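2 protein chains.
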Amino acid sequence: MENSRESEVTVNFSDRRNFATVLRSDLKETFFADDPFQEFRNEPPKRRTIKIFQYCVPMLEWLPKYNFQFFRYDFLAGITIASLAIPQGISYAKLAEIPPIIGLYSSFIPPFVYAVFGTSKYLAVGTIAASSLLIASTIKEKVSPDEDPTLYLNLVFTTAFCTGILQTILGVLRLGILVDFLSHSTITGFMGGTATIISLQQLKGFLGLKQFTTKTNVVSVLKAVFKFRHQWRWESALLGIIFLSFLLFTVQLRKKKPQLFWVSAVAPMVTVVIGCIIAYFADGDKHGIHTVGPLKKGLNPISIYDLNFNSAYIMAPIKAGLLTGILATTEGIAIGRSFAMKRNEQTDGNKEMIAFGLMNLVGSFTSCYLTTGPFSKTAVNFNAGARTPMANVVMALCMMLILLFLAPVFRYTPQVALSAIITVAMLGLIKYDEVYHLYKVDKFDFCICMAAFLGVIFITMDMGLMISVCLSIVRALLYVARPATCKLGNIPNSALYRDVEQYPAASGVPGIIVLQLGSPIYFANCIYLKERIMRWVRDEQGNPNSKTADIEHVLLDLGGVTTIDMTGIETLVEIRRNILAKGIKMGIINPRINVLEKMMLSKFVDLIGKESIFLSVEDAVKTCQFSLNQSPQKGDS
Amino acid sequence: MENSRESEVTVNFSDRRNFATVLRSDLKETFFADDPFQEFRNEPPKRRTIKIFQYCVPMLEWLPKYNFQFFRYDFLAGITIASLAIPQGISYAKLAEIPPIIGLYSSFIPPFVYAVFGTSKYLAVGTIAASSLLIASTIKEKVSPDEDPTLYLNLVFTTAFCTGILQTILGVLRLGILVDFLSHSTITGFMGGTATIISLQQLKGFLGLKQFTTKTNVVSVLKAVFKFRHQWRWESALLGIIFLSFLLFTVQLRKKKPQLFWVSAVAPMVTVVIGCIIAYFADGDKHGIHTVGPLKKGLNPISIYDLNFNSAYIMAPIKAGLLTGILATTEGIAIGRSFAMKRNEQTDGNKEMIAFGLMNLVGSFTSCYLTTGPFSKTAVNFNAGARTPMANVVMALCMMLILLFLAPVFRYTPQVALSAIITVAMLGLIKYDEVYHLYKVDKFDFCICMAAFLGVIFITMDMGLMISVCLSIVRALLYVARPATCKLGNIPNSALYRDVEQYPAASGVPGIIVLQLGSPIYFANCIYLKERIMRWVRDEQGNPNSKTADIEHVLLDLGGVTTIDMTGIETLVEIRRNILAKGIKMGIINPRINVLEKMMLSKFVDLIGKESIFLSVEDAVKTCQFSLNQSPQKGDS
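Just so you know, the sequences run in chain order A and S. Using this note's numbering, the first residue of the first sequence is number 83, and each one after it goes up by one. Using this note's numbering, the first residue of the second sequence is number 83, and each one after it goes up by one.
Everything labelled a hint here was simulated from the structure, so no lab data went into it. Please read these numbers as outputs of a predicted model, since none were measured by experiment.
Note that identical chains are pooled: a pair holds if it fits in a single copy or bridges any two copies.
Below, a list of computed lysine to any residue pairs in the SDA-like style, where the Cα atoms sit at most 20 angstroms apart:
id : residue 1 : residue 2
1  : Lys224    : Thr296
2  : Lys685    : Asn660
3  : Lys685    : Glu516
4  : Lys704    : Ala577
5  : Lys309    : Ser281
6  : Lys522    : Val104
7  : Lys569    : Lys667
8  : Lys368    : Gln313
9  : Lys378    : Pro490
10 : Lys667    : Val687
11 : Lys569    : Glu111
12 : Lys569    : Asn94
13 : Lys522    : Asn100
14 : Lys685    : Glu656
15 : Lys297    : Pro227
16 : Lys525    : Val104
17 : Lys522    : Val687
18 : Lys685    : Val523
I would like the entire structure built from these sequences, with the hints used as guidance.
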């Protein structure tokens, strides 16, 4: 340690990487961080072709190893999620204000596509509530589902098409990075807000209302509920409370006894069946218990010719497609990831996006609307013991049988049963404890979360999401606009230099200021950094406790600075000039590879001199102390 | 060093700052980085009042010390910049398509205001070309200056008013931080592009055209020039070439012999005077040499009642006000700063903004349009030896005399003389060498610069600016989305651990991976960091050169991580779980104060255990090696 300077342990000025190397490395870190091609390297050509094919179609990886043992698990799981898919499909189709049968169609074709291209073993394909409501509220601005249901439905298909295109492009271009900008706090707040307004929307079903508002915010919904209070039906409300209690009980049961998860998994199906029986025998429609209405037997009709790209309407599906696309993709990937993680497995975000994209493209051609990996269904699938995406195939086959033979039976499903199912699903999405945790640990994260929540419930869903994302980005920019700097001091009995605020025992070195700069240094924080460094120097010079007011060296520890731009380099030049005018020398400590390269390119190294660039703080302080001892102390004169 | 562990040199877990302290410190760093109030502290109340008063009105700081010695310099400088103010005022008013006299008015009232509130000693107040053109192109979208000149002029005053309000608010709220987001590269590109299109616009003057396009992009301008080729006048062109050659010669002279700067400073005035004489005697208007036309004698009329807030037009002045406000403020502050720096003095960005704001507010009430600190005038002022803002006062008094007595004389100023003056001023703003330097040192900065340049010349000025700013922000976000990580190795014969890519001699430690993480860790880079770390681990395990494939410890050096958010903490938890599943332990090295606080609050410290958090890499490696030696080597079994 002591002889580090003598033994040639110095900053490595020798080899500068050329531009192509740097660019390739940057592009790789940006778009191929997970190094997807590592498996193909060092393989013979034929094997490599197979590997690449397997890479593009993940089914080829697991299908050859598939056996009956796996199938037993997948079969059970597939049946369980099919029983959940029926009520959820009908309910969420209702939220999207499209015919309930579309919800069932959406659980038939897309799961097949996902089974071929998806990388998550546990993800169960289906529609989600938030996207359904978001689609309805966006498309309704252009076309009313009551006045022109066909056009409305076609625009919903077009939305799925737009989402599919977006997801595929994002996946192919490996732009998963965009999804990274939806923070956990944003999603928590957005989900909570959406769950709240969706639950409130269910008052329509609970109270048996025929008319309702098209707005989603809390104020409009509550106003509408009281405006139409003459339509309230006690029969509907009573049935609703019974169903709600039953479902909540099963949820509680699952929490207490996790092995009984299947009770809560089949509970929605049970609710629907009992509801159908009651509505059929009690002639529900005449007694205030509205039912879903006719459901046509038969498989998905082709809808590719129904896609509507008329310029008068196209902006609505594009907007809905983008918003729900980002939302559904984020949720789907996050959910796939979290369940994979429980088994210590990996999913590939970019491949997942392509799988979702193809699923929605094919879906939009076959009368399906937006599908992704919903949390509830995936959780049930995981708990039911699914081993491969084959569970999705089993579910799809079940749906096929139902569409072919049983669909008309569900025409008696009471609206209130669906409302109860939706409400219970939504209540699980409001995570009080997580919000409280955010409040305790990070106030800014809490603000981002609350912005999404309040924005969604009081303005609109997309505004809430956007406000929250903007806040997150502002925060990210503030991070870089105001990088933390701190003064380092020597920790007694060691050669370590640490933040004096954090380690009050650390003491400064007379005549020398050592500052650690945060990262990165570039245009948005240059002026700040210059002012902040000058302030450290000024403070130190005016500090009566300092052993000497005569600062002769300012050492900047750049060990934590990952990157610097032109403005940053110029700022260092300026700082040097400013402090030189006060008779203070500047030293640079441990510049990292990117930073040192820029310094060499811009001749900064030549300006400051290689002898002023040090490898470690100890080294720099020792060298400066040596020169301080040699020169006569100005403080004494 | 060796006994660091024994002598209690450990991470300081003791004192956590409370929320108020952290918030106050964060707010201070964000908005009061330059610590403006440090002078008032520790002062008796009376003195403090005086200091605060002096702080708000910077004139009170320098006026009491003012003496005749200073005045001699300021007087000369003031006269010099006044001689520049006349041609520039008329030219730029022409660019803004408002009566030329407004340009002269704008050099009368605003300099007084700046002299009272400004903090830069060398800044000379005046109008600038880029803002003038930007105002014209924005307002013209709503109102044509030919069809309704009064309304157009009133909207230009309203623009100055909006700019003034914006600048004052930004200054009072200390939001100088917003201006930080215009990077040096953006400004270089924007200025270059603006200079190019402004020079091309001068073809109208050089060729003596009567009609022209209202668009600013290169294609439209060149089309218009050839469309009206039957209007071309050789007299005008000849005179233009002579003036241009003369002005370019004086510029070259200044570059060769800096002490002759005054030749180039008075050259525009000389051009105007000679132009007037030629036009007067040759009856220019009849021979294709168009003149400026009547200029009314007298001081600025009051225009406060002319401000137009009619909702039909108001968006145009607001847009122009915002854009030119940000632009003029940035340029003004940057220019004030650079000249102050040459004398090693300071300017206060936020106070400058307030001074500009008040200047434009008062200006908009007294028939002035947007003013700031133009580069050319300020440079002349500095070279002419100005010592205080009194030079502005002298210039304003000169302008007063001219407005009162000499204004009508300038009615004969040929348009072509103004075009030559503008062109020469603009050519100086295109900085080829700086662009080349950017290209050499930082390709991304170069792209940002070219985006601004090409956007301005091929689309519109505001689009060019916006594209470039967005690119800068994307870059800032990429910085944080992909923080650099590197593997550390031990540099031979020292206790230092450095990046193995940068220092190829550094060698890894068997059984241990030490990774240094970039900053900050938060939602936008969590997924990346997790994947990157898992890849380091995977690579190391699959590395045949590694001394042992049996990694038992992953140590994360967080010394450079300035901040972390909730998602970041959760990611660390996940990483720990993932590697624990592979039988690898995780250690944290040197978390900084903010990071450690979050870790303690979120119980991460309890989870990982205080014994897994180390103060230095050496310390951590030693402890891990000790435990490696104690446990039987798995690799052997």
